[in-house]
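> Those protein sequence lines, which keep their order, are chains A and B.
For what it's worth, our numbering labels the leading residue of the first sequence as 7, then goes sequentially.
For what it's worth, our numbering labels the leading residue of the second sequence as 7, then goes sequentially.
Since the hints were derived computationally from the structure, they do not count as laboratory data.
Source: prediction; values computed, not measured.
Just so you know, not all the hints are guaranteed correct.
To be verified - Quick list of in silico lysine to any residue cross-link-like pairs, SDA-like style, CA-CA up to 25 Å:
#, chain 1, residue 1, chain 2, residue 2
1, A, 79, B, 72
2, A, 79, B, 109
3, A, 79, A, 47
4, A, 76, B, 109
5, B, 26, B, 109
6, B, 26, B, 95
7, B, 61, B, 23
8, B, 47, A, 15
9, B, 47, B, 109
10, B, 72, B, 49
11, A, 84, B, 111
12, A, 79, B, 23
13, B, 47, A, 32
14, B, 47, A, 80
15, B, 47, A, 63
16, B, 20, B, 72
17, A, 84, A, 14
18, A, 79, B, 48
19, A, 79, A, 63
20, B, 47, A, 28
21, B, 47, A, 64
22, A, 84, B, 47
23, B, 47, A, 75
24, B, 20, B, 70
25, B, 47, A, 17
26, B, 47, A, 76
To be verified - Pair ranges (Cβ atoms, derived):
#, chain 1, residue 1, chain 2, residue 2, range
27, B, 109, A, 9, 39 to 47 Å
28, B, 18, A, 56, 14 to 22 Å
29, B, 88, A, 62, 43 to 51 Å
Here a beta-carbon is modelled for each residue, glycine too, at the ideal position from N, C-alpha and C.
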Amino acid sequence: AQTVTQSQPEMSVQEAETVTLSCTYDTSENNYYLFWYKQPPSRQMILVIRQEAYKQQNATENRFSVNFQKAAKSFSLKISDSQLGDTAMYFCAFTPYGGATNKLIFGTGTLLAVQP
Amino acid sequence: GAVVSQHPSWVICKSGTSVKIECRSLDFQATTMFWYRQFPKQSLMLMATSNEGSKATYEQGVEKDKFLINHASLTLSTLTVTSAHPEDSSFYICSARRTASSNQPQHFGDGTRLSIL
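Okay, chain A solo, but in the shape it has when bound:
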């Protein structure tokens, strides 16, 4: 079975500082995609960053970057220069490569609070 684990239910960071959110997953697949989604209080799910498993280079998107360790099945999200607007629930998600019915498997989420 494919699972995604986020071991940090809640985290807090001071504005302008850096925070890292953890995510591990379990799969027997070799090709897959990993995502981080953000859900602010408005409840809309927003794609933060995406990583293809076949790419060794870690994905970056402005202040957001990932540390993808395929052998360890780890996919952490680093947020640099944290802003108040980063306050949200963050979900790590996994989907196997290709296939019409492959679905996103979500972790349980990490609630991040950015403090002024």
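Fit chain B to the given chain A structure using the hints.
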């Protein structure tokens, strides 16, 4: 690009009524749409996957006669909660994907908060 609109954003209705929620991809064609349910402070639970022109594929434990899904066009999918009861109260979120393959990311709507009295 990749905007998904969900309507209504909030609905309150009496027990026993049916409620229809619409999910539209505004600036792209979505071959595949997904419906999720989310309880407070919990993750998203996939209810069903629908491909345009086909019957929806429901996850285990989701009653297909209770949650009717129609994906009649490449830009619109609807979820109808039939004979809704208080236990159906929840936050429902749809997402849309351009192609049938998981190579493409899912784009999410704003969600619908359903409250059954």
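> Run every hint past the structure and note whether it holds.
Comparing the hints with the structure gives:
Under the criterion of a C-alpha separation no larger than 25 Å, the hint pairing residue 79 of chain A with residue 72 of chain B is inconsistent with the structure, at around 38 Å. For the hint linking residue 79 of chain A to residue 109 of chain B, the alpha-carbon distance of about 19 Å falls within 25 Å, and the restraint holds. With a C-alpha separation of about 29 Å, the suggested pairing of residue 79 of chain A with residue 47 of chain A is violated against the 25 Å cut-off. With a C-alpha separation of about 18 Å, the suggested pairing of residue 76 of chain A with residue 109 of chain B holds against the 25 Å cut-off.
Proximity of residue 26 of chain B to residue 109 of chain B is assessed by CA-CA distance (about 30 Å); at most 25 Å being required, the pair is judged violated. With a CA separation close to 13 Å, the supplied pair residue 26 of chain B and residue 95 of chain B stays within the 25 Å bound. For a cut-off of 25 Å, the pair hint linking residue 61 of chain B to residue 23 of chain B stands: about 24 Å separates their Cα positions. Simply put, residue 47 of chain B and residue 15 of chain A have alpha-carbon atoms about 10 Å apart, close enough for the 25 Å limit, and the pair holds.
A hinted pair counts as satisfied when its Cα atoms are at most 25 Å apart, and residue 47 of chain B with residue 109 of chain B does not qualify at roughly 29 Å. Distance restraint check for residue 72 of chain B and residue 49 of chain B: the Cα-Cα separation of roughly 22 Å lies within the 25 Å cut-off, and the hinted pair is therefore satisfied. For the hint linking residue 84 of chain A to residue 111 of chain B, the alpha-carbon distance of about 20 Å falls within 25 Å, and the restraint holds. Distance check on the hinted pair: residue 79 of chain A and residue 23 of chain B sit about 46 Å apart at the alpha-carbon level, beyond 25 Å; violated.
With a CA separation close to 23 Å, the supplied pair residue 47 of chain B and residue 32 of chain A stays within the 25 Å bound. Between residue 47 of chain B and residue 80 of chain A, the direct Cα distance comes to roughly 24 Å. Compliance with the 25 Å bound is thereby established for this hinted pair. At roughly 33 Å between alpha-carbon atoms, residue 47 of chain B and residue 63 of chain A are farther apart than 25 Å, so this suggested pair is violated. With a C-alpha separation of about 16 Å, the suggested pair residue 20 of chain B and residue 72 of chain B falls inside the 25 Å cut-off, and the hint holds.
Straight-line distance between C-alpha atoms of residue 84 of chain A and residue 14 of chain A comes to about 14 Å, which keeps the hinted pair within the 25 Å bound. This hinted pair checks out: residue 79 of chain A and residue 48 of chain B have alpha carbons roughly 23 Å apart, not beyond 25 Å. Of the pairs offered as hints, the one joining residue 79 of chain A and residue 63 of chain A holds, with about 15 Å between alpha carbons and a cut-off of 25 Å not exceeded. Between residue 47 of chain B and residue 28 of chain A, the direct Cα distance comes to roughly 18 Å. Compliance with the 25 Å bound is thereby established for this hinted pair.
About 29 Å separates the Cα atoms of residue 47 of chain B and residue 64 of chain A, which puts this hinted pair outside 25 Å; it is violated. Taken as a hint, the residue 84 of chain A and residue 47 of chain B pair is honoured in the structure, with Cα atoms around 22 Å apart against an allowance of 25 Å. In summary, the hint linking residue 47 of chain B to residue 75 of chain A is not supported, as the alpha carbons are separated by about 28 Å, beyond the 25 Å threshold. For the suggested pair residue 20 of chain B and residue 70 of chain B, the alpha carbons sit about 21 Å apart, so the restraint of at most 25 Å is met.
About 14 Å separates the Cα atoms of residue 47 of chain B and residue 17 of chain A, which keeps this hinted pair within 25 Å; it holds. Using a Cα cut-off of 25 Å, the hinted pair residue 47 of chain B and residue 76 of chain A is violated, with the two alpha carbons roughly 29 Å apart. Judged by the Cβ atoms, the range 39 to 47 Å given for residue 109 of chain B and residue 9 of chain A is violated: they are separated by roughly 22 Å. Between residue 18 of chain B and residue 56 of chain A the beta carbons are some 36 Å apart, a value that contradicts the proposed interval 14 to 22 Å.
Distance hint check for residue 88 of chain B and residue 62 of chain A: the Cβ-Cβ separation is about 49 Å, which falls inside the suggested range of 43 to 51 Å.
Against the hints set out earlier in the document, violations occur for numbers 1, 3, 5, 9, 12, 15, 21, 23, 26, 27 and 28.
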